[in-house]
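Engineer: For chain X, the structure is supplied; the task is to place chain U on it using the hints.
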Amino acid sequence: MSKIATDLGRDAIIAHREAASGQISVSVRDLVIRYGAQTVLDRMSLDIGRGEFLVLLGPSGCGKSTLLNAIAGLLDITDGEIWISGKNVTWDEPKDRGIGMVFQSYALYPRMSVEDNMGFGLKISGLPKAEVKARVAKAAQVLQIEALLKRKPAELSGGQRQRVAIGRALVRNVDVFLFDEPLSNLDAKLRAELRVEIKRLHQDLGNTMIYVTHDQIEAMTLADRIAIMKGGIIQQLAPPHEVYNKPCNLFVAGFIGSPGMNFLKGRLAIAGDTVAFDIGDLRIPLHAYERSGGPLVDGAEAVLGVRPEHISLGDAASGDDGGRRFRTPGRVEMVEPTGADTMLWSKLGAQSVTIRVSADVAYHLGDTITLALDLNRASLFDAKSGERL
Amino acid sequence: MNSDVLATRTTSQLHNNSCVFDDVIDRRHSNSVKWAYAAKLLAPDEAAADPLPMWVADMDFRAPQPVLDALHEIVEHGVFGYPDVRESYVDAVVGWQAKRFGWDISREWILQSAGVVTALRTAIQAFSSPGDSVLIQPPVYSHFHTDVELNGRHLAYAPLRRDGDGYLFDETAFEAAIRDDTKIFILSNPHNPTGNVWSEDELRIMADICDRHDILVISDEIHQDLIINPAKRHHPFASIGESTARNCITCTAPSKTFNLPGLQSANLIIPNKRIRDEFERQFSRNMATTVNVMGMAAAEAAYAHGEPWLDQLLVYLRENHAHFANAVNGALSTVRVLPADSLYLAWMDCRGLGMDADALDKFMLTKARLWLDKGQKFGIEGHGYMRVNLGCPRSTVDEAIRRLTSAISLL
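Going down the list, the sequences are from chains X and U.
For the first sequence, position 82 (counting from the first letter as 1) is numbered 69 according to the working numbering, and the numbering increases by one without interruption.
Here the working numbering runs 3 ahead of the position in the second sequence, where the first position is 1.
Isolated chain X (complex conformation) (with noise of 0.2 angstroms):
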């Protein structure tokens, strides 16, 4: 969407995003944040579909908590636009946008039944009685925690906390969710679990969801698209499998993956039609990579991105498959089990390289395999500006 709104100007972008405003639940236009003179979100663009599970993904200090802040209303944005459900939220306050927020803390009260905690907000806002009853019961069939209502927090479970709290945005009847790293303050199996609830509820109720996470596994999961964020940009915007597979630059390369790609440093070498890249005295034709990026110049310095599963261990005389696997002679210098896989460590020329394998086959230190690196699947990136080529 950034890059429409470069190239097109803002009176056309405006005209194409009226045309779809239908189907656009939530517009952030040409968005700055600046805290005295500093430039925390510069120009950013960014159209979330009606429905869509939007997940803002990056490191600490990336802008995605910056991002959701503003979209909620909790800070004065410096120029530009938030529309929501086809409105001009801009100036509103928090809880007149249409949002309902779940928090990383649980923050239910305490004193208060689940059953009072959920309706608590409905009942500030003067619904009569029976409709916040109605929407907290809907709510809780939805969360599966009727038993529950008429519990405390305090004998409440950790998901079960986080059930209500989810339950308290619920009850809100609004169309856009914005989470907020609702999960971080979980252990790893509670994680997992409330991550399977909250994509469970988005495909029951189809709002559109906005959340935050710095962890790839729950973008990976979760999302419809992901926007990789660095320093206040979004530096991708894609499905999952776009983002893993075709990472537009080193970062989101690098961002993303456990255990991380592959980085191989080298030169490109161009002869005519054929591409090949040099890693000092290693050749790698590379006839058959889809080139996306810029141009390829004779004797660049490149980085050759493979991720660990995409290198196979084969024979160094198996049959020939159109050029499509590059195989050159490696020893196992580390042997590391997961459980699933197993990570083997090798040296790819002078450079080492981390491959996964099944964990069905014994390897063992000094072993001579032979590595099968999968040119389809692998990234070349300018190593100078670090973009996809």
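Derived from the structure by calculation, the hints contain no laboratory data.
One should not assume that every hint holds.
Derived EDC-like pairs (lysine to aspartate or glutamate); straight-line CA-CA distance at most 20 angstroms [as the list claims (entries may be wrong)]:
| id | chain 1 | residue 1 | chain 2 | residue 2 |
| --- | --- | --- | --- | --- |
| 1 | X | K334 | X | D285 |
| 2 | X | K139 | U | D359 |
| 3 | X | K74 | X | D63 |
| 4 | U | K235 | U | E205 |
| 5 | X | K217 | U | D48 |
| 6 | X | K82 | U | D401 |
| 7 | U | K276 | U | D107 |
| 8 | X | K125 | X | E184 |
| 9 | U | K43 | U | D361 |
| 10 | X | K334 | X | E323 |
| 11 | U | K186 | U | E281 |
| 12 | X | K82 | U | E402 |
No experiment lies behind these values; they were computed from the predicted model shown.
Structural biologist: Below, chain U without anything else, positioned relative to chain X:
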């Protein structure tokens, strides 16, 4: 305190005069720990939220003009040689205690220190041994906790009792907390953060109990000038009686009163010569005792000529507190700003939000976008509370109210 009456009176007073305390001064570009060091002192996500600083106890006001004039005079002179204690300095300190609190002090009782915290540490070292205990009344100022432990002493806790909207001194709990090895009681007078202004009777009971157990009293009276309830009066602990004076180190400073904390100037008033001498010896073991010439000049000018400024300030602070408490308590049923008789600091009970102490702090920083002092700094009794610094222009208070109520409206 009837805050409505006060609010009406003070508002009309303030609106009739243009008020220096309404001026918003940009402190982000000054060397201010409160305003300029978020990136260093907070986690990245907290700093990124650009929270409004209303934490550490310094105010956002310029010092009184006589203080600025005194400092200008020294700068113009341009020679910054070693100072001694001027007679006029001592006159100012003695005069201040007499006219504000009716306490006649002898000139030789006064020692200088770079700050009350420096004096606390010195007194702990001088009058107790490692392994001894020091009595405090939490929730109370963080240095009462940390400086005792830093010196290898233990804490004996006599918590104040929360009662309705306030805190009470509990005589029984106080005496029960004393152990055989309790050597010192650090009194916060008036009490930071609850704002309690202790009555003569309460102070006398504390004094009697400490006398009985041979416990030295360090009375931290740094907030003595900031009584915002006109019906209350500050009593210097040592002024209660002769025996009390003999068993007490009183710590005072112009730093909170006139907003001079960066100038590092405090006074200790120690009537008992033996205690005073030993205190001085401990001081000398650790450091050169000369104080900064600028701080001393500022303190003298403040005490000698700053009273009209202070009287105006107290009206403004009273109104700030009433305004903040009325707005927050009126808008939110889950947060309660407790009434206070003193301090420019509000003690806010946020336990109704149901967040644990760390989550509450994070919520305030990143969602309400307010940088407050977290209650846990004041002891376990402070969990679920926040201390809000209202020594700021009214517009800052209004912004804080807006941020707080907006964020909580989304819960």
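Engineer: Are any of the numbered hints broken by this structure? If so, which, sorted upward?
Structural biologist: Violated hint: only 1; rest satisfied.
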